[in-house]
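Visitor: Order-wise, the sequence lines are chains A and B.
Counting from 1 along the first sequence, just add 802 to a position and that's the residue number in this note's numbering.
Counting from 1 along the second sequence, just add 802 to a position and that's the residue number in this note's numbering.
I should point out that these hints are in silico values taken from the structure, not numbers from a laboratory.
Note that this is a predicted model, so its numbers are computed, not measured.
Think of the CB as a built atom: it goes at the ideal place given N, C-alpha and C, for glycine as much as any other residue.
Just to be clear, a hint being listed does not mean it is correct.
[Claimed, not checked] Okay, the calculated beta carbon distance ranges per label pair:
{"no.": "1", "chain 1": "A", "residue 1": "P1110", "chain 2": "B", "residue 2": "G1215", "range": "46 to 54 angstroms"}
{"no.": "2", "chain 1": "B", "residue 1": "H948", "chain 2": "A", "residue 2": "A1112", "range": "24 to 32 angstroms"}
{"no.": "3", "chain 1": "A", "residue 1": "D827", "chain 2": "B", "residue 2": "H948", "range": "53 to 61 angstroms"}
2 protein chains.
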Amino acid sequence: MFGLMQDRPLLIQQLIEHAAQYHGDTEIVSRRVEGDIHRYTYRDARVRAKKVAEALVSLGIKTGDRIGTLAWNGYRHFELYFGISGIGAVCHTINPRLFPEQIVYIVNHAEDQLLFVDINLLPAVEKLLPEFKTVKHVVAMCDRAHLPKDLKIPNLLVYEELIADKPGTYEWPEFDERTASSLCYTSGTTGNPKGVLYSHRSTMLHAYGSALPDTLGLSARSVVLPVVPMFHVNAWGLPYSGPMVGAKLVFPGPHLDGKSVYELFETEKVTFTAGVPTVWLALLNHMQANKLKLSTLKYAVIGGSAAPPAMITTFAKEYGVEVLHAWGMSEMSPLGTVNHPKEKHLSLPEDELLALRLKQGRPPFGVDMKIVDDAGKALPHDGKAFGDLLVRGPWITRGYFKGEGGDPLKDGGWFPTGDVATIDPDGYMQITDRSKDVIKSGGEWISSIDLENAAMAHPAVAEAAVIGVAHPKWDERPLLIIHRKPGAEVTKDELVKFLSDKVAKWWLPDDVQFVDAIPHTATGKILKTRLREDFKNYKLPTA
Amino acid sequence: MFGLMQDRPLLIQQLIEHAAQYHGDTEIVSRRVEGDIHRYTYRDARVRAKKVAEALVSLGIKTGDRIGTLAWNGYRHFELYFGISGIGAVCHTINPRLFPEQIVYIVNHAEDQLLFVDINLLPAVEKLLPEFKTVKHVVAMCDRAHLPKDLKIPNLLVYEELIADKPGTYEWPEFDERTASSLCYTSGTTGNPKGVLYSHRSTMLHAYGSALPDTLGLSARSVVLPVVPMFHVNAWGLPYSGPMVGAKLVFPGPHLDGKSVYELFETEKVTFTAGVPTVWLALLNHMQANKLKLSTLKYAVIGGSAAPPAMITTFAKEYGVEVLHAWGMSEMSPLGTVNHPKEKHLSLPEDELLALRLKQGRPPFGVDMKIVDDAGKALPHDGKAFGDLLVRGPWITRGYFKGEGGDPLKDGGWFPTGDVATIDPDGYMQITDRSKDVIKSGGEWISSIDLENAAMAHPAVAEAAVIGVAHPKWDERPLLIIHRKPGAEVTKDELVKFLSDKVAKWWLPDDVQFVDAIPHTATGKILKTRLREDFKNYKLPTA
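With the hints as constraints, model all of the structure from the sequences given.
Guide: Take a look at the structure:
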């Protein structure tokens, strides 16, 4: 027997309607690629989103069509989020920082019909255009006056001209909430990028879950500046959760240096921001160098990689900002966990509270997690046992666009995150390694990251990396790879001794190798695939 | 094209799983009907909810079956919420304060298979039992030691015995999220009570929407005491939103007097509570008489009827408690609006901020509202125009159980609330009247409530009521009915003069009648149907 409640689908276009109706004069402020500051309201944004929808329909775009965007955080990109998804098409955000061949692969794989491009990205698109197989029009996100000269882009359209004569009275259609709404490719370290295809339902449930007090805690009193780009998992959903609660939005455009971000925080009275650690490092450096303070910022979400402890304490003690450590991935829309201490934690000694804050946090309702061993057996949530982290929930992917990579789910519906983690009795998850980097020694697991962190504490070490190397008896044993600080000296024995009171005895590396540099990914992570390649023919002295 | 996200239904049983897993040691504290305080954790509650599920299955209960409860707010009632809905059956909460014949009607109409009854309500059930047509067992919500003696209830079962030997390892089934989960009858002033049949989906979306910062703002740091009964629209959803966020729950049992409630607030460090104005009046009286203060309470939700201005200011100024004025109805799960001022309102002069707080508030995303005139035309959201308030959304009813009352929806899917309201440009709704009480004079509407409030301000008036009376020229004109304070004197002319600078001239009542008492409903509202009956043969002097 079914309940007798209204069968109303959850649709993204309802968000902009809600915001315009109940928060009509709330502002959306953008630092434009054109250089100036643009400000308007949710009421204005609704009209222009409807004009975008009308323009798309007039260009023959149909439900299910993919529309690419190559754009920074700004109001036109925001309008596209609603205009594209609102007609039932798919908003495909593309990371302009990818290698050109990746962009070509992604646009062709997605079969994008149109590409909306910010003006400073048009020259790059011009070069790639001959390789795009399905793109009918490039749309320059500007007015005629700001269009770069001498572009050779056939069928180029200009955003402001495209929507200028449209009535802006579009009636959003209603359709199944499982309809695809947006597409974001993840670039793994191996293979081609794979597309995560979000639905209206998953996006809306994620918006509800992420606005909750213990997740991002967003309200009509929030002033939200997403530093995280709108091409990076939809700016962690903030362009959806913001209008859901009627928050003021501040879009920073292409300039994410400390000075630019700081200025917007202060002039727009920003209370909430979100981004990766690198951005916050730049901001802290800028503020420290210029002896600046933050007058309104209350919360900074740090995600993408782990928040360094010093960053958490500096934000709290010197700037009065609470860092919300968060974790997620493109396949999770992206929010998986956010770290809000519980009431009982607030009275902990400072170092214990910091240790808690360094964990990745607890999941909001909607994300379910478990950790499993090699055999898939669930491990206890005791904060000690670590295993492969599996997740499930209505905003977690069940497969990639066009079936790339096959069925990723395990154990009847669990998505393997590729992370190794602990979960403590209070539900706080902590990443201890990547699944492919953990060292499996005699049936037990050794965390490469824990070993690296321990080695990094040695004063002579500039950077440390740990990889597993084949061992006849133990399957794998850890090899510690060290890049010394300029002029610093340290021996293998000194390092092993240094580690001996920091990790279990059987975790101690079987050898230490010294290198001139440790390779990194484009986002600054240690490139362990390269290290494993470099040490392919290396043999452990214990082997 | 559909998105590629996991097709996981939203089910109520997931809430207790989430709470047990991520908030396992968070407490649920109950003042029992037995008289003592009971405390356990979400982890304990999960096991016992599973035992309830196992017991129901062993009694032959199947998906869709209705299971009645006649119980106060307590942990066993909480277990029933999850045990019953979690197997796909329907948790039918019954208001024990209804007239016996209404209870009989409701139990028979719902075709309840079992009745779970708190021990102090068993004698009443014993009397009605012969009239119940479908009830196979009454289950006394206690252990054998607390079972009242000399009850003559055939097939009586005892809750603790029923679940004692069950394993508590039940695997919750997964089913369609539109499955009916709970049932609550509304008792209008006319006709038989009608059943609102909630679904898992509507309940879960309501839980998300109601936990948002601008709705009830619930988190793992909240300690929630629902004074509003669990038989009254599921205690405004708090037994669902609480576990969703891992809040500590405090159930007050049958005693809702000022002293009992105050004691629990203090001993359990309650931060959040919700109830109707009468309860808060009793609490304020108790605290004032005993010179008590509140040490932890931050938010008090007032709903059910409008919050009196003095209550809002007293809570804020003398007790440091922010009153959240809320509005809803059974047909809305029940939350429609909550009044959280926006940032710009916080700097308003005190009287203007109070005026704002007296409005019923803004809707969370998920509730859409419009006001319409007699012809169904939408009226502007200018804070002045008032019209019939229509609502729609995924947690709003589309019809009553067994089709009673036909299709209530208007205009392609809007539910008529029966209220007349304004909506201001910031989205704040204010009830100005009931649709059936508004006076339609010459095509324009006069708010009976506004007139009553204006008349109530006269020092000689104990209570004022306004009804519309037939008029040959204007269709209807207002009649003011006055119950004077003991010994006070006031004439018709004095009252009309008193009103003349308070309302528009054409709103002034055509006559004033004095009565010895004004009739009320069981919940303390003016019984206008009775007044209209009393003045059936009355003719206006202007007619």
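Visitor: Each hint needs a verdict: does it hold in this structure or not?
Guide: Hints, verified against the model:
1. P1110(A) <-> G1215(B): 46 to 54 angstroms: The hint (46 to 54 angstroms, Cβ to Cβ) holds, given that P1110(A) and G1215(B) are roughly 52 angstroms apart.
2. H948(B) <-> A1112(A): 24 to 32 angstroms: violated, 58 angstroms
3. D827(A) <-> H948(B): 53 to 61 angstroms: holds, 58 angstroms
Violation of the numbered hints given earlier is confined to hint 2; every other hint is satisfied by the structure.
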